[in-house]
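A.B. asks: Sequence:
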Amino acid sequence: MIRVAVVDDEPLARAGVVARLRGEPDVVVVGEFVDGHELAALRRHSVDVVIVDVQMPGRDGLDALATIPVAERPLAILLTAHEHFAVRAFELQAVDYLLKPIDDERFGEAIDRTRRQLRGQTMAATTRHFAIRVGTRLSFIDADDVEWIEADGDYAVLHVLGRRHLLREPLHTLARRLDPARFVRVHRSAIVRIDQVEELRPRPNRDAVLRLRDGTALRASRTYIETLLAALHRIA
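With the working numbering, the residue at position 211 of the sequence shown is 940, and numbering never jumps.
No lab work stands behind these hints: they were computed from the structure. Any given hint could turn out to be false.
Pairwise CB distance ranges, derived in the manner of DEER restraints [stated by the list, open to error]:
{"no.": "1", "residue 1": "G864", "residue 2": "E767", "range": "57 to 65 Å"}
{"no.": "2", "residue 1": "P933", "residue 2": "M730", "range": "40 to 48 Å"}
{"no.": "3", "residue 1": "D881", "residue 2": "R751", "range": "19 to 27 Å"}
{"no.": "4", "residue 1": "R893", "residue 2": "E834", "range": "20 to 28 Å"}
{"no.": "5", "residue 1": "A770", "residue 2": "D883", "range": "42 to 50 Å"}
{"no.": "6", "residue 1": "G891", "residue 2": "R732", "range": "43 to 51 Å"}
What you are looking at is a predicted structure, and each value in this text was computed from that prediction instead of being measured. In this text, a Cβ means the ideal position worked out from N, Cα and C, and glycines have one as well.
Let the hints inform the model, and build the full structure from the sequences given.
C.D. replies: Rendered as structure tokens:
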């Protein structure tokens with residue numbers, strides 16, 4: 730079982746996270762805490778993962794995590810209503826960074842990412858190639874050649890060197906099989922290979938417009954923007 734502690738000074742927000750975790754069969758909530766001082770006392774031997782609000786009265790979530798020695802620090806999923814903590818969050822090796830109000834699908838992705846990291850199977854679990862069926866023939870596409878992926882109903886479309894390849898798998902399940910160090914979901918309907926992003930233009934509504942190296946323009950929604958920014962920072 731994955732032992733999770735939830736740290737948030739807002740009772741309703743904390744209850745919402747706990748309710749979501751109850752739907753995960755391999756997760757047990759071992760504690761609920763209200764400030765960074767309690768978070769700083771947690772250690773990996775008693776807790777596998779902390780889901781923590783970044784901004785809390787007194788010591789905030791990031792400062793509290795930083796006080797825990799790396800070898801003893803639990804994995805962390807960070808929550809915030811603000812958008813400017815992502816780079817520091819990933820410097821602290823946070824598993825994921827979720828904006829409030831929490832999107833259920835993004836929450837599920839964060840828990841899946843945590844499972845892979847805990848099991849040490851990230852590389853083994855990721856997809857290295859795709860099998861595309863054309864009639865009775867199978868074609869194989871290397872994941873390293875895929876520039877971006879879009880949803881098409883219950884299918885996904887792989888974009889490779891100007892060509893489209895239909896994959897018989899919905900985008901949300903495909904996202905769980907991709908290497909998170911290389912591919913990032915930027916919208917409910919789009920995943921990009923990080924090194925294909927050439928330009929990011931913020932919009933007033935906190936979304937952004939991406940331009941890929943092949944000239945494709947894609948919308949990045951605020952739900953996913955911070956994970957994308959942190960990923961871009963890592964490869965800069």
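A.B. asks: Holds or violated: 19 to 27 Å for the Cβ distance of D881 and R751?
C.D. replies: Violated - the Cβ-Cβ distance for D881 and R751, about 33 Å, lies outside 19 to 27 Å.
A.B. asks: Please check whether P933 and M730 have a Cβ separation lying inside 40 to 48 Å.
C.D. replies: The hinted range 40 to 48 Å holds for P933 and M730, with Cβ atoms some 44 Å apart.
A.B. asks: State, for the Cβ atoms of G864 and E767, whether the hinted interval 57 to 65 Å holds or is violated.
C.D. replies: Holds: the Cβ-Cβ distance is about 60 Å, inside 57 to 65 Å.
A.B. asks: At the C-beta level, are A770 and D883 separated by a distance inside 42 to 50 Å?
C.D. replies: holds, 46 Å
A.B. asks: Is it true that G891 and R732 lie within 43 to 51 Å of each other by Cβ?
C.D. replies: holds, 47 Å
A.B. asks: How does the Cβ-Cβ distance of R893 and E834 compare with 20 to 28 Å: does it lie in that range?
C.D. replies: holds, 24 Å
Of the numbered hints listed earlier, the single one contradicted by the structure is hint 3.
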